[in-house]
Amino acid sequence: EAGVTQFPSHSVIEKGQTVTLRCDPISGHDNLYWYRRVMGKEIKFLLHFVKESKQDESGMPNNRFLAERTGGTYSTLKVQPAELEDSGVYFCASSSGQFNEQFFGPGTRLTVL
Amino acid sequence: AQSVAQPEDQVNVAEGNPLTVKCTYSVSGNPYLFWYVQYPNRGLQFLLKYITGDNLVKGSYGFEAEFNKSQTSFHLKKPSALVSDSALYFCAVREDMNTGFQKLVFGTGTRLLVSP
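Chains B and G are the protein sequences, given in the same order. Residues in the first sequence are numbered from 1 upward in steps of one, following this note's numbering. Residues in the second sequence are numbered from 1001 upward in steps of one, following this note's numbering.
Since the hints were made in silico from the structure, they are not lab data. One or more of the hints may lead you astray.
The calculated BS3-like cross-link candidates involving lysine-lysine, where the alpha carbons are at most 30 angstroms apart (straight line), are [as the list claims (entries may be wrong)]:
| no. | chain 1 | residue 1 | chain 2 | residue 2 |
| --- | --- | --- | --- | --- |
| 1 | G | Lys1058 | G | Lys1077 |
| 2 | B | Lys78 | B | Lys15 |
| 3 | G | Lys1022 | B | Lys41 |
| 4 | B | Lys44 | G | Lys1049 |
| 5 | G | Lys1069 | B | Lys44 |
| 6 | G | Lys1049 | B | Lys54 |
| 7 | G | Lys1077 | B | Lys44 |
| 8 | B | Lys51 | G | Lys1022 |
| 9 | G | Lys1058 | B | Lys41 |
| 10 | B | Lys44 | G | Lys1022 |
| 11 | B | Lys51 | G | Lys1077 |
| 12 | B | Lys41 | G | Lys1049 |
| 13 | G | Lys1069 | B | Lys51 |
| 14 | B | Lys41 | G | Lys1069 |
Source: prediction; values computed, not measured.
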């Protein structure tokens, strides 16, 4: 069974540009999460989808970040316009139920210059 | 608010010796605790979790963790370290398994370095 996949693995953009990150969860997992780790700091929660609905978006830093999960399958996280402080590793995770552990993807390393 | 502390940025241990990676937590309700490991250029891998039951939890790759409610700790342990255990370890807590809110709160991570 394939794990959680993320694309791209790396992205380098200039301040003010737009970037879209994609996450494909494990097949059949209704729960999808986005997290972010800024250099050397803790991994922080961004938001949680249950199927196509946003269950919890309390961690989204501001309105420059837009997450979607159309059809309840893959998800995208768009940053527009990107700022320097958005640099970090963005992780996606999925789980099959609220009592089960979350399985993480390899992350997308975003660098904003 | 929930929080997790991993007081050591790095832990050094010789191969074959026991290892401990420390984690303390703060939650207002019942804690649900997790350990994840990140190998270089890889994603986070689940190691083990404590939800309820025995305070000693066994997980993948020979790791175990002990839940101590009075000390609000969930230290990760292994009786005999391997060089291949060298990686970045994250402790995480989730406050309540009975709500729809499932976010994990992570510590800053501890780098484990096992020398031959």
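Hint consistency between Lys1049(G) and Lys54(B) [alpha-carbon to alpha-carbon, up to 30 angstroms]: Satisfied, since the Cα-Cα distance of roughly 25 angstroms is no more than 30 angstroms.
Given pair status - Lys1069(G), Lys41(B), alpha carbons within 30 angstroms: holds (26 angstroms)
30 angstroms limit on alpha-carbon distance, applied to hinted pair Lys44(B) and Lys1049(G): holds (19 angstroms)
Restraint check for Lys1058(G) with Lys1077(G), where alpha carbons must lie at most 30 angstroms apart: Measuring from Cα to Cα gives roughly 10 angstroms; hence the hint holds.
Pairwise hint evaluation, Lys1049(G) against Lys41(B), where the allowed Cα distance is 30 angstroms at most: holds (22 angstroms)
30 angstroms Cα cutoff - pair Lys44(B), Lys1022(G): holds (20 angstroms)
Restraint status (C-alpha distance of Lys1058(G) to Lys41(B) at most 30 angstroms): holds (27 angstroms)
Holds or violated: Lys1022(G) to Lys41(B), with C-alpha atoms at most 30 angstroms apart: holds (17 angstroms)
Lys78(B) paired with Lys15(B) [C-alpha distance capped at 30 angstroms]: Answer holds: Lys78(B) to Lys15(B) is near 14 angstroms, not above 30 angstroms.
Hint consistency between Lys1069(G) and Lys44(B) [alpha-carbon to alpha-carbon, up to 30 angstroms]: holds (24 angstroms)
30 angstroms limit on alpha-carbon distance, applied to hinted pair Lys51(B) and Lys1022(G): violated (35 angstroms)
Satisfaction of hint between Lys51(B) and Lys1069(G), Cα-Cα up to 30 angstroms: Outside the cut-off at roughly 35 angstroms; violated.
Hints 8, 11, 13 from the earlier list are contradicted by this structure; the remaining hints agree with it.
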